[in-house]
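Asks: Line order of the protein sequences matches chains A and B.
Positions in the first sequence are counted from 1; adding 6 to them yields my numbering.
Positions in the second sequence are counted from 1; adding 318 to them yields my numbering.
These are calculated hints, taken from the structure and not from any lab test.
Please note that a few of the clues may not be correct.
Simulated coverage check for chain A against chain B, where a stretch passes if three residues somewhere in it have a Cβ under 8 angstroms from a Cβ of chain B [said to hold, decoys possible]:
1. 71 to 83
2. 140 to 149
Counterexamples of contact, computed for chain A against chain B with all Cβ distances above 10 angstroms [claimed, not checked]:
3. T39
4. L44
5. L46
6. L54
7. Y64
8. S100
9. V191
10. S199
11. V226
12. T256
13. A260
14. R274
Since the model is a prediction, treat every value here as computed from it, not as a measurement.
Backbone N, C-alpha and C fix where the C-beta goes; we use that ideal spot for every residue, glycine too.
Here is how the chains run, residue by residue.
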Amino acid sequence: MIGMISLAKRIKTVIESIGHRVVGSIWRLGCATRFVLLVLLKSMPGFLRFHLITREIYFAGVLSLIIILVSGLFVGMVLGLQGYETLQKFGSESAVGTLVALSLVRELGPVIAALLFASRAGSAMTAEIGLMKATEQLAAMGMMAVDPVARIVAPRFWGGVFSMPLLAAMFSVMGVFGGYLVTVVFIGVDEGSFWSQMQSSVDFRYDIVNGVIKSCFFGVVITAIAVFEGFDAPPTAEGVSGATTRTVVTSSLAILGLDFVLTAFMFRGVS
Amino acid sequence: MADDALIEFSKVNFSYGPRPILKGVDMRMSRGQVIAIMGGSGSGKTTLLRLIGGEVSPSAGSVTVAGQVIHELGRNELFRLRRKMGMLFQFGALFTDLSVFDNVAFQMREHTNLPESMIRDLVLMKLHAVGLRGACHLMPAQLSGGMARRVALARSIALDPMLMMFDEPFTGLDPISLSVIGGLIRRLTDTLGMTSILVTHDVQESLRIVDYIYFLADGVIAAHGTPDEVRESKVPFVHQFIHGETDGPVPFHYQAQAYSQDLGISVMER
Chain A
7 MIGMISLAKR IKTVIESIGH RVVGSIWRLG CATRFVLLVL LKSMPGFLRF HLITREIYFA
67 GVLSLIIILV SGLFVGMVLG LQGYETLQKF GSESAVGTLV ALSLVRELGP VIAALLFASR
127 AGSAMTAEIG LMKATEQLAA MGMMAVDPVA RIVAPRFWGG VFSMPLLAAM FSVMGVFGGY
187 LVTVVFIGVD EGSFWSQMQS SVDFRYDIVN GVIKSCFFGV VITAIAVFEG FDAPPTAEGV
247 SGATTRTVVT SSLAILGLDF VLTAFMFRGV S
Chain B
319 MADDALIEFS KVNFSYGPRP ILKGVDMRMS RGQVIAIMGG SGSGKTTLLR LIGGEVSPSA
379 GSVTVAGQVI HELGRNELFR LRRKMGMLFQ FGALFTDLSV FDNVAFQMRE HTNLPESMIR
439 DLVLMKLHAV GLRGACHLMP AQLSGGMARR VALARSIALD PMLMMFDEPF TGLDPISLSV
499 IGGLIRRLTD TLGMTSILVT HDVQESLRIV DYIYFLADGV IAAHGTPDEV RESKVPFVHQ
559 FIHGETDGPV PFHYQAQAYS QDLGISVMER
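Bound conformation, chain B alone:
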């Protein structure tokens, strides 16, 4: 990968209470790329995004964004850095009491002193970029899931961030909306010159649009590489994940005591 890393994870450990989530994670993410983080449910993918955004701090190691160690920043410095980040939540997290227009204008009104006429133009431009200029007067409850996510995308790029984070952007979308969101992520990353991180399960769409992929399993980076390298990978976990196989290193059954013991059956030995 290129040397101009925007984000660097260095031996990051993290746990929720006694349960370890991340164990010594090392990652480097270069500027201008779309990077996917893949892994099973509960593997700690979203935690990675929360560490980058400074919502939680690592129990050991450090996360560096644009040369700044996140957990060492004060509240004001962290908020200043967050203004350069955008995050798309899994279901959009639009403010339900504000219209589509006001949702997109929210950050501009909070963080800038731009006149309302200029905010109007900027909001319409952002909405046009996601194809929803005509929906600016609607309320979030009137939008479909795909539209809500596009509005949330317009809202998160409102201040032209250097870094965009996408938490499961493809979940619950029909194939058309899914391609639209995927295409938008790629196009906006390129045109706005930002870096995008996707946390996702969707293998096919991700392989189509990303530059680099990290696989997270049991709190460690199991594999990483470009889409072509990943497709050819012989690593058992990656192979199972990419091809959606039920049998492999990821077991079907959650860890439990012996089945016969749970059912109270004594097995006769022959």
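Excised from the complex, chain A in its bound form:
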């Protein structure tokens, strides 16, 4: 009898702890949503003083260029090699240009660029805002009657949102160039058919615009997570490091999950 009671208690504790976690997560999601709405509401001053957003585009976008371009080049080169290896078995190696371009603009460009952006720029954004909070810079700004959400958070949010699609586009361009280098320059696939097949099978509206829309979504999600985690971070060294890690982990998972949802809506086998 006593054993039964203790077992029931243990089960109750487990269910309670699961419930606490679920409620906690939903609560946090609600806080994040409210925070993002607040950021959107307070975005106007940033747009009126656009140099604040330009500065953030420089830090989030321009400084991420190296990692994006180099990664894009290598991903494109690998795609070219693997694509050629498979396609030549069927004698259709000239279609390698199509394969490289479609893989990049539809999927790999937006997704890998977003993952890199989350780890390079998202983490930096969280750490910067978190440290500003820990060193009382945000409180000092508030005491100077300057709203930190409008002055610090909103420009960073928009800087990230504007940078992401541009970075994804550059990733894809570099990837196509990498594929061209490997297949045409090094392996010797016919240059004319490489470009002409690519041109005829990549549709601007269906492939490229959808890819850009994806990267816009990723930009919003990554920067929203990054600024929220930074602003919400406990003002300690441990708190800021935890928030930075959460930014990278949460936004990577969000990118991959969201990519599936967007792909399901966008590409339905119609061309």
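Since the structure of chain A is provided, determine the placement of chain B on it from the hints.
Replies: Below, chain B alone, put in the same frame as chain A:
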């Protein structure tokens, strides 16, 4: 004290969650004075400043600044009032991505439409007042602790506030920097005609520069008076605090169960 009170605390209660921090605090602070709030760590001194700045609201009672009840103000009105306040944080809280010059110019650029040439002159004047005109091109990371606090002081007086709040301005400073900051607080208060509130532990420097002192202990005002009255005070807490005695009304040990019980030793009764 004079009647023209700039700040008035009226039966202010405040608690962080279930833990009471302030219990029925009454204070009046006159214009043009330097006032110190002293008390042990965790006695609620910084909370007093946060109440004045409207960062937190009292759970009971009211804080009035320049005739306005702080917790009744809307966000815009509070921000308008904050433009007339300056606050020096414990470690300066300079914006690390901006140079010394841009830190001091920050409020001018945010709140005024002054031309850049005039902002430049004003910033140099403020920096000259704290003796750091030559450091205007440096970044905060290149400053010593005392210099950073002087820059933060220049930044907080950028718009000539009517009220300055100093949160532990003397912590971690060498004796020279400490005297410099103390002297600046007194001199700037007098020349700019503002009111200054210091939250501090530093007894000797404070007694040298302030006009009036409040002692805060266990969330209530334990004593108050001018520096001379405080030096002569017979109140046990004030006496212990001023003379830094280890034994007195403030116990050395944090409240705990019996030592023997913690160590698991049973004491034999004889």
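Asks: If a hint holds in the structure, say so; if it doesn't, say that too.
Replies: To see whether the hints hold, each was checked on the structure:
A stretch counts as covered by a chain when three or more of its residues have a beta carbon under 8 angstroms from one of that chain; for the stretch 71 to 83 of chain A and chain B the count is 0, and the coverage is violated. For the stretch 140 to 149 of chain A, the assignment as covered by chain B holds, since 8 residues bring a beta-carbon within under 8 angstroms of that chain's beta-carbons and 3 suffice. Separation of T39 (chain A) from chain B is adequate, the least Cβ-Cβ distance of about 21 angstroms exceeding the 10 angstroms criterion. No Cβ of chain B comes within 10 angstroms of the Cβ of L44 (chain A); the nearest lies about 12 angstroms off, and the non-interface call holds.
In this structure L46 (chain A) is separated from chain B by more than 10 angstroms, as the shortest Cβ-Cβ distance comes to about 17 angstroms. A cut-off of 10 angstroms between C-beta atoms confirms that L54 (chain A) is not in contact with chain B; the least separation is 12 angstroms. Every CB of chain B is more than 10 angstroms from the CB of Y64 (chain A) (nearest about 12 angstroms), matching its label as outside the interface. Taking the minimum C-beta to C-beta distance to chain B, about 52 angstroms, the non-interface status of S100 (chain A) holds against the 10 angstroms cut.
Listed as a non-interface residue, V191 (chain A) keeps its Cβ farther than 10 angstroms from every Cβ of chain B; the least gap is roughly 43 angstroms. The Cβ of S199 (chain A) lies farther than 10 angstroms from every Cβ of chain B, with a closest approach of about 51 angstroms, so its non-interface assignment holds. No Cβ of chain B comes within 10 angstroms of the Cβ of V226 (chain A); the nearest lies about 24 angstroms off, and the non-interface call holds. The Cβ of T256 (chain A) sits about 25 angstroms from the closest Cβ of chain B, beyond the 10 angstroms cut-off, so the non-interface label holds.
Residue-level check passed: A260 (chain A) sits 28 angstroms from the nearest beta carbon of chain B, beyond 10 angstroms. The non-interface label for R274 (chain A) is consistent with chain B: the shortest C-beta to C-beta separation is roughly 47 angstroms, beyond 10 angstroms.
Hint check: a violation occurs at hint 1 only; the rest are consistent with the structure.
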